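Take these sequences, add in the hints, and give me the full structure.
One line per chain: the protein sequences are V and H, in this order.
Be aware that the first sequence starts at 19, since it is given in the numbering used here, and climbs by one per residue.
Be aware that the second sequence starts at 19, since it is given in the numbering used here, and climbs by one per residue.
Simulated from the structure, these hints should not be mistaken for lab results.
These figures come from a predicted structure and were not determined experimentally.
A hint or two may mislead.
Because identical chains share one entry, a pair is satisfied inside a single copy or across any pair of copies.
In silico lysine-lysine, DSSO-like type, Cα no more than 30 Å apart, as pairs [as the list claims (entries may be wrong)]: (1) Lys197 to Lys43; (2) Lys642 to Lys103; (3) Lys639 to Lys443; (4) Lys294 to Lys502; (5) Lys60 to Lys642; (6) Lys316 to Lys119; (7) Lys196 to Lys443; (8) Lys197 to Lys477; (9) Lys154 to Lys642; (10) Lys604 to Lys443.
2 protein chains.
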Amino acid sequence: MKETWSFLDTFEPNFRPLVVIELAKGTKKETIEWFTKRIVDKKANGGAQLLIKPLVTEDGDENIYLIGASYLRLLLGAETVGLVKECNDNSMRSFTYSSRKTFKDFADDNHNFLTMSECQYIIKHELENLRARDEKMIPGYPQAKLYPGKSIGKQVRRLLTNGILVQIFPLHDREELKKLRHTWYGRVRIGYQPLDEIRSYFGETIALYFGFLEYFTFALIPMAVIGIPYYVFAWEDYDKYVMFATFNLLWSTVILEVWKRICAVMTYRWGTLLMKRQFEEPRPGFHGALGINPVTGKEEPVYSSIKRQLRIYLVSVPFVCLCLYFSLYVMMIYFDLEQWALDYHEENKSTFSSLMLYVPSIIYAVVIEVMNRIYRYAAEFLTSWENHRLESSYQNHLILKVLVFNFLNCFASLFYIAFVLFDMKLLRQSLATLLITSQILNQFAESLLPYWLQKRHVKKMKKHTRSLKTDTDLSLVEQVNLEKEMGTYFGTFDDYLELFLQFGYVSLFSCVYPLAAVFAVLNNITEIYSDALKMCRVYKRPFAEPTANIGVWQLAFETMSVISVVTNCILIGMSPQVNALFPDSKMDLVLTVALVEHLLLAIKFVMAFVIPDKPREIQIKLAKLEFESLEALKQQQMKLAAESLKE
Amino acid sequence: MKETWSFLDTFEPNFRPLVVIELAKGTKKETIEWFTKRIVDKKANGGAQLLIKPLVTEDGDENIYLIGASYLRLLLGAETVGLVKECNDNSMRSFTYSSRKTFKDFADDNHNFLTMSECQYIIKHELENLRARDEKMIPGYPQAKLYPGKSIGKQVRRLLTNGILVQIFPLHDREELKKLRHTWYGRVRIGYQPLDEIRSYFGETIALYFGFLEYFTFALIPMAVIGIPYYVFAWEDYDKYVMFATFNLLWSTVILEVWKRICAVMTYRWGTLLMKRQFEEPRPGFHGALGINPVTGKEEPVYSSIKRQLRIYLVSVPFVCLCLYFSLYVMMIYFDLEQWALDYHEENKSTFSSLMLYVPSIIYAVVIEVMNRIYRYAAEFLTSWENHRLESSYQNHLILKVLVFNFLNCFASLFYIAFVLFDMKLLRQSLATLLITSQILNQFAESLLPYWLQKRHVKKMKKHTRSLKTDTDLSLVEQVNLEKEMGTYFGTFDDYLELFLQFGYVSLFSCVYPLAAVFAVLNNITEIYSDALKMCRVYKRPFAEPTANIGVWQLAFETMSVISVVTNCILIGMSPQVNALFPDSKMDLVLTVALVEHLLLAIKFVMAFVIPDKPREIQIKLAKLEFESLEALKQQQMKLAAESLKE
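Below is the structure:
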């Protein structure tokens with residue numbers, strides 16, 4: 019092996035920095051030496067065989083390192099991570115170095131075959147999979163124990179808190195970013211986002227989020243268009259009402275099903291639909307007594323599943339319930355305030371008092387936002403304390419906790435108004451206030467505030483370095499110094515959550531407030547721009563993360579659309595117009611509503627079942643690949659059998 | 019290739035007949051010659067490289083052929099079909115000839131390593147995958163066109179109707195069968211069925227059916243035990259009623275979820291859980307203009323999907339609706355008859371007239387059975403006319419058609435009685451009559467009648483051959499002659515359908531007639547015996563069919579359990595005891611019932627989501643295998659990359 023990997027030399031004339039590693043100032047020399055050696059060392063010696071260069075800043079500090087890799091190393095890495103690329107015959111295949119000539123745009127000197135974000139993903143994967151060999155601990159840090167086969171990369175990341183490693187992040191490509199910004203949001207225009215470019219710059223997870231945001235906005239337009247006349251002409255006829263709600267319910271099923279198909283088309287083109295799932299390593303925060311992993315047979319920390327279950331059911335679940343109770347308690351206070359404001363208005367009847375009517379709702383919306391954020395930290399702490407072995411399981415438990423709380427927090431008051439107070443006017447008003455306030459707050463807290471802070475910081479920096487250069491003229495040192503101070507983007511969780519709650523506002527009570535879809539569309543259009551701004555200018559570039567779908571969010575949106583069938587049916591049943599249709603018997607009314615609800619639910623499930631998740635074209639392409647791999651397997655088996663018979 | 023396969027000689031000293039092929043009397047000599055040559059021919063020449071021997075009967079006819087294979091050929095075939103076997107380290111792995119030594123119980127002279135049913139499955143697979151080479155047609159039959167790569171096996175099977183091939187079936191193993199019969203139903207005893215032995219004799223599909231039947235019977239026992247006191251003491255209190263129904267609803271969810279786990283444990287042990295899905299060839303009846311298959315790129319009949327959709331939506335769907343309407347019409351006649359019988363009883367009040375009360379129900383049950391059977395033929399014809407390319411798609415469309423009709427046919431009258439007539443006494447009586455009549459009819463039509471016919475036939479045969487030998491002493495010729503006249507077992511469809519309808523009787527109206535579970539348990543105990551008898555004595559041995567689960571039936575049972583939540587909630591809401599709890603407001607009653615129903619449905623879905631489909635133990639084993647294969651792939655990639663770098 020040694021000979022074959024040897025010429026992947028660590029010294030290459032045109033070193034291209036891809037990833038930045040910032041170590042703590044004052045990290046022990048022996049640690050740095052050991053660490054850089056492991057990164058540079060040959061594969062055969064258990065290293066990552068990457069290139070590393072210290073970044074010499076003006077102060078002469080040597081705590082920032084740039085990591086790159088030779089082109090050949092990256093190609094071999096692309097094979098290891100299982101990258102899927104387009105072939106010359108337009109089919110998508112897993113890239114292998116031996117079949118590299120069959121891939122589209124491949125040439126031994128075409129360094130653009132892999133996008134920069136792919137190269138960075140490969141480097142991240144290699145760093146995370148760096149494993150300990152003989153060392154029992156990280157040199158210089160005896161408390162950081164290692165054992166053979168233990169992933170150093172993750173161990174080092176765990177030491178972020180211990181202070182060795184400050185951060186790892188991929189570098190921006192100023193030229194590319196400028197181009198992307200221009201096509202994305204640089205000019206005011208109506209059209210699709212450049213999703214393929216976003217994908218090749220930021221990776222699939224983020225591109226898929228923007229794809230979903232765009233799709234969802236387009237999908238809301240019909241609801242918004244149909245909703246406007248209801249508001250303008252104050253249509254409150256039974257027929258039109260029911261028609262609108264029924265359309266909404268079926269439409270929301272259709273859009274969620276169609277999204278799966280569009281998502282399959284996109285991720286097929288990007289190659290992630292075909293990408294094999296990698297074997298999941300334990301997440302960085304996972305700890306436990308050293309034992310034997312029953313799956314890999316290797317030594318690694320083991321944590322009993324029963325202990326975890328106990329922590330979940332005896333601590334997390336009661337805590338979540340307590341929080342839910344508290345949230346309901348706050349809600350009741352809100353209703354007292356509301357009543358007080360109403361009484362005050364009755365007494366005074368001034369412009370001020372009529373403005374005061376909106377105050378409780380606005381306060382409540384702010385409180386909800388604050389509670390959501392505090393709860394989020396608690397949920398993260400608890401889920402991390404539950405000590406999940408896999409990142410995916412951690413994420414699922416976190417998302418579930420946050421979703422339940424956010425759902426209650428945002429919608430409990432609306433449910434209370436609708437189904438306990440039976441006050442449709444108040445419902446409409448609360449819905450509008452909540453929706454609009456939360457949208458404005460979100461846009462502000464998420465993008466504009468960080469953007470403004472970032473801008474101020476850049477100005478200060480520039481004053482400090484006394485340069486008047488534009489972004490693209492910055493030297494590498496300046497660029498790294500600028501980027502390392504930028505905020506970190508923590509993934510698409512909050513962005514999806516915002517869309518999820520918006521979907522709730524639009525669909526749960528759609529027949530009471532048809533204008534919700536209009537506001538959602540308007541918000542989403544600005545959301546696209548502010549999110550794009552956030553990605554390009556506010557945060558550090560995130561590592562690309564391949565993904566084939568939006569995961570648990572698909573389930574969350576589908577659950578919301580099932581709940582909205584129930585709420586809308588009840589709302590329609592409660593409307594005076596429908597009540598007037600059954601003057602003699604409330605019983606018949608309730609039974610009719612129940613029947614319609616069950617029918618709608620049945621139609622929903624049948625539709626979800628009948629609409630295929632992947633378009634026929636993609637199905638055929640996937641079947642073709644499966645057929646080819648089966649044929650190849652058969653050939654290989656025949657060959658092996660023939661060989662074994664010869665012996 | 020030729021050398022390596024060459025010593026798989028077609029002449030082996032101890033030829034063991036496995037499969038019987040019966041050609042039509044008077045088949046042209048050239049066809050027989052061509053056919054046997056293709057079976058015997060070496061793989062390198064495109065043959066199946068099996069062994070074939072004509073069976074010389076007393077009349078001197080040569081239209082029956084016995085097919086066998088050398089042990090080596092079978093082992094290579096086991097690799098081709100992807101058989102999964104237990105290794106020496108107790109893990110399950112795909113069998114490969116080169117790694118044969120690592121498998122448990124493998125020895126070069128242990129011919130029991132593959133069970134007889136596995137050998138027969140391998141031979142069936144080889145025959146079905148026999149492909150045409152240069153021949154443009156089957157010699158002697160110019161109308162039977164062939165083209166290179168076309169599967170001859172399936173083509174030949176299609177010629178069953180044309181008359182070349184009468185049948186292909188696997189031979190029974192008299193010794194094994196006797197042993198199996200003894201442990202299965204030979205002695206009256208209480209205990210589990212010998213599922214592993216059933217599996218190794220009949221294959222996984224049939225063993226899984228018997229496993230499900232047994233599991234389902236055990237699962238019904240708690241319902242039956244709780245149901246008995248309700249009947250004996252005529253408990254009609256509200257609390258006990260609701261408790262029973264709630265228990266039933268949650269229980270039915272639990273048993274269906276737990277079944278998935280048990281099924282996973284069983285099929286893991288049998289190796290089918292890990293078996294890779296084979297690429298599906300077009301089903302024998304599929305026809306169309308010759309075109310290019312977009313998946314395989316090979317020439318084969320192509321049939322436009324739009325045409326098929328048109329046939330489905332313009333012919334099949336209206337036909338099914340018509341049948342459903344007709345079924346409802348018959349139901350209305352039944353109610354007229356019922357009314358007439360009641361009036362007659364009112365007038366006469368004799369023992370005869372009280373017996374007459376049961377007559378309409380019995381007639382209706384018989385009519386339903388007859389209609390079901392007629393409809394079944396129509397559905398088979400229609401689905402076959404829809405011209406589905408794949409057997410699985412054909413099966414799904416057929417099952418859907420038959421299920422809808424059977425569901426309506428069996429339960430429409432009960433729904434009518436319950437929710438239109440509101441007559442609980444009549445409901446209970448109808449339910450009992452329908453359940454018991456259909457059970458008796460089924461047992462009779464399915465097993466006892468064929469068994470009796472078969473017995474008579476054997477007697478006649480024995481008289482004919484003037485021998486008084488017992489079963490095991492029969493000569494091969496006698497055995498083949500006996501078995502070729504036996505009926506063909508058409509798969510587990512009808513058996514599952516029976517269980518499905520039984521599940522409907524038990525769960526849909528469980529709170530009205532708690533005794534249904536008792537009858538179901540009693541029926542299932544005899545059903546196990548009569549089905550076992552049917553498999554062992556009445557029908558030809560069926561080809562083993564590997565399967566990992568009960569497929570679409572799981573979905574059907576789950577759907578039934580969702581519907582039963584709705585029906586039971588309504589029934590409880592209608593009961594006088596519950597009505598008495600809400601003396602003032604029927605409205606509150608309906609709302610409470612609706613709330614409870616939605617809660618129960620929500621609990622069901624959460625339970626189905628939370629209970630893992632596979633036990634932890636199996637999950638770990640599967641993860642271990644996946645990990646190993648990923649590691650192996652990585653190693654292989656490294657090796658290939660290293661090799662390609664050397665060049």
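Hints violated by the structure (numbers, ascending):
1, 3, 4, 7
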